[in-house]
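Fit chain B to the given chain A structure using the hints.
Same order as they appear, the protein sequences are chains A and B. The first sequence lines up with residues 4 to 199 when you count with this note's numbering. The second sequence lines up with residues 4 to 199 when you count with this note's numbering.
Accuracy of the hints is not assured; some may be wrong.
Stated by the list, open to error - Here are the simulated DMTMM-like pairs of lysine to aspartate or glutamate, each with C-alpha atoms no more than 25 Å apart in a straight line:
#1 A:Lys-17 x A:Glu-189
#2 B:Lys-78 x A:Asp-45
#3 A:Lys-78 x B:Asp-106
#4 A:Lys-78 x B:Glu-80
#5 A:Lys-78 x A:Asp-42
#6 B:Lys-78 x A:Asp-81
#7 B:Lys-72 x A:Asp-106
#8 B:Lys-78 x B:Asp-45
#9 A:Lys-78 x B:Asp-79
#10 B:Lys-72 x A:Glu-145
#11 B:Lys-78 x A:Asp-79
#12 A:Lys-17 x A:Asp-191
#13 B:Lys-78 x A:Glu-145
#14 B:Lys-17 x B:Asp-45
#15 B:Lys-78 x A:Glu-80
#16 B:Lys-78 x B:Asp-42
#17 B:Lys-78 x A:Asp-42
#18 A:Lys-78 x B:Glu-145
#19 A:Lys-78 x A:Asp-45
#20 A:Lys-17 x A:Asp-45
#21 A:Lys-17 x A:Asp-42
#22 A:Lys-17 x A:Glu-28
#23 A:Lys-17 x A:Asp-60
#24 A:Lys-72 x B:Asp-106
Just so you know, the hints here were simulated from the structure itself, not pulled from any lab data. All values derive from a computational prediction rather than experimental measurement.
Protein chains: 2
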Amino acid sequence: MRILLVGATGTIGKAILDVLQDRHEVVAVSRSSAPLHVDLGDPASIRSLFNQLGTLDAVVGAAGAARFKPFPLLKDEDYAFSLQNKLMGQVNLIRYGIPALSDAGSITVTTGLLAQQPMVGSAAVSLVNAALEGFVRAAALEAPRGIRINAVSPPWVRVADQSPGAPGMAGLSAHQVALAYRVLLEGDQTGQVVTP
Amino acid sequence: MRILLVGATGTIGKAILDVLQDRHEVVAVSRSSAPLHVDLGDPASIRSLFNQLGTLDAVVGAAGAARFKPFPLLKDEDYAFSLQNKLMGQVNLIRYGIPALSDAGSITVTTGLLAQQPMVGSAAVSLVNAALEGFVRAAALEAPRGIRINAVSPPWVRVADQSPGAPGMAGLSAHQVALAYRVLLEGDQTGQVVTP
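Just chain A, same shape as in the assembly:
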């Protein structure tokens, strides 16, 4: 399969690249990659990326920023930024990506644990992640040509390798999370939000 991976330099994105690149042709893109790059907060940048790529068999979104701050400090602009970037950036990867996909292709985007299990500071992030889950469930019903749309909702991810028993051991490895994307890519599910 020819796969576009957006967010290829993040913790999860690097692990996704790692589990896909031996089995598929991966076009790995980030905000600062070259020659191709993409700014998820800018719809024109996403459209331009697809215009340069030709036909794809899958799109994976593992990028997008949202503001994590104590509730009283979240301003109008923090909500606007979070909606424009992590939410509409990934919504637009789906909307604009569909025409670029071959029949029975797939798009897999990234939500997160805070959609369903909030914590102090997560109001804007929880909003955005839950929104994307609602969108994925709905958009999957109307995707044409057998195209599948899913999301991975990662739990806390260990950032560095750690010895067993070390502090901060909680969370899955990025590799374990990345396998969930591969299962969705190579499987036949649609409209699913998968927690690795």
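Structure of chain B alone, referenced to chain A:
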């Protein structure tokens, strides 16, 4: 209790007014009410409303528009409108409403069945409703002074009285839905999304 009801002229809003007004003082407001009115799509209008009201014991949001259209016909502007109106309108009722509330006051907003059970045409509505549910769960964790934040997720509502057995009988009555708001107002739950 002194309660602000936003969306007092809708099918559900009228029924909420009906079940609250014998027991509480209800300030009923809609887009076109007078002297007070509010445009949920305009943050300044919401701020102005609270500035004119003084202290409240509860806020109920039963208003907000989102675009229901086949997925291929949903344009960038449809998403922007839906985010600005039903989503951020109710998010801002919560954000701007908190300072207007007495200690242990409450805010109850409205999501909808399509958050979790999408249908053809609901991509933007499902996104918005799910987003508001994620936000309510998170914001409730950080509400000050014992203030409670909840949502009602109405199922399909019967629009007119119908004889038993008549076509279109499916769905709850608006009265039954309105009772869920009253239970949340008078109860002690917080961070809940209640399906009547």
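Now for the hints, and whether the structure bears them out:
1. Of the pairs offered as hints, the one joining A:Lys-17 and A:Glu-189 holds, with about 19 Å between alpha carbons and a cut-off of 25 Å not exceeded.
2. This hinted pair checks out: B:Lys-78 and A:Asp-45 have alpha carbons roughly 15 Å apart, not beyond 25 Å.
3. With a C-alpha separation of about 23 Å, the suggested pair A:Lys-78 and B:Asp-106 falls inside the 25 Å cut-off, and the hint holds.
4. Pair hint A:Lys-78 plus B:Glu-80 holds up; C-alpha atoms about 23 Å apart against a cutoff of 25 Å.
5. Distance restraint check for A:Lys-78 and A:Asp-42: the Cα-Cα separation of roughly 22 Å lies within the 25 Å cut-off, and the hinted pair is therefore satisfied.
6. Proposed proximity of B:Lys-78 and A:Asp-81 is supported: the alpha carbons are some 24 Å apart, at most 25 Å.
7. Taken as a hint, the B:Lys-72 and A:Asp-106 pair is honoured in the structure, with Cα atoms around 24 Å apart against an allowance of 25 Å.
8. Our distance criterion of 25 Å between C-alpha atoms is met by B:Lys-78 and B:Asp-45, whose separation comes to about 21 Å.
9. A C-alpha spacing of about 24 Å is found between A:Lys-78 and B:Asp-79, which places the hinted pair at or below 25 Å, so the restraint holds.
10. Between the alpha carbons of B:Lys-72 and A:Glu-145 the distance comes to roughly 11 Å, so the proposed pair stays at or under 25 Å and holds.
11. Taking the CA atoms of B:Lys-78 and A:Asp-79, the gap is about 24 Å. The hint holds against a cut of 25 Å.
12. Taken as a hint, the A:Lys-17 and A:Asp-191 pair is honoured in the structure, with Cα atoms around 24 Å apart against an allowance of 25 Å.
13. A hinted pair counts as satisfied when its Cα atoms are at most 25 Å apart, and B:Lys-78 with A:Glu-145 qualifies at roughly 15 Å.
14. Our distance criterion of 25 Å between C-alpha atoms is met by B:Lys-17 and B:Asp-45, whose separation comes to about 23 Å.
15. Between the alpha carbons of B:Lys-78 and A:Glu-80 the distance comes to roughly 23 Å, so the proposed pair stays at or under 25 Å and holds.
16. For a cut-off of 25 Å, the pair hint linking B:Lys-78 to B:Asp-42 stands: about 22 Å separates their Cα positions.
17. Between the alpha carbons of B:Lys-78 and A:Asp-42 the distance comes to roughly 20 Å, so the proposed pair stays at or under 25 Å and holds.
18. For the hint linking A:Lys-78 to B:Glu-145, the alpha-carbon distance of about 15 Å falls within 25 Å, and the restraint holds.
19. Taken as a hint, the A:Lys-78 and A:Asp-45 pair is honoured in the structure, with Cα atoms around 21 Å apart against an allowance of 25 Å.
20. Straight-line distance between C-alpha atoms of A:Lys-17 and A:Asp-45 comes to about 23 Å, which keeps the hinted pair within the 25 Å bound.
21. Among the hinted pairs, A:Lys-17 with A:Asp-42 is consistent with the structure: their alpha-carbon atoms are about 18 Å apart, no more than 25 Å.
22. The suggested pairing of A:Lys-17 with A:Glu-28 holds, with an alpha-carbon distance near 15 Å, which does not exceed 25 Å.
23. About 20 Å separates the Cα atoms of A:Lys-17 and A:Asp-60, which keeps this hinted pair within 25 Å; it holds.
24. Taking the CA atoms of A:Lys-72 and B:Asp-106, the gap is near 24 Å; set against the 25 Å cutoff, the hint holds.
Violation of the numbered hints given earlier is absent; every hint is satisfied by the structure.
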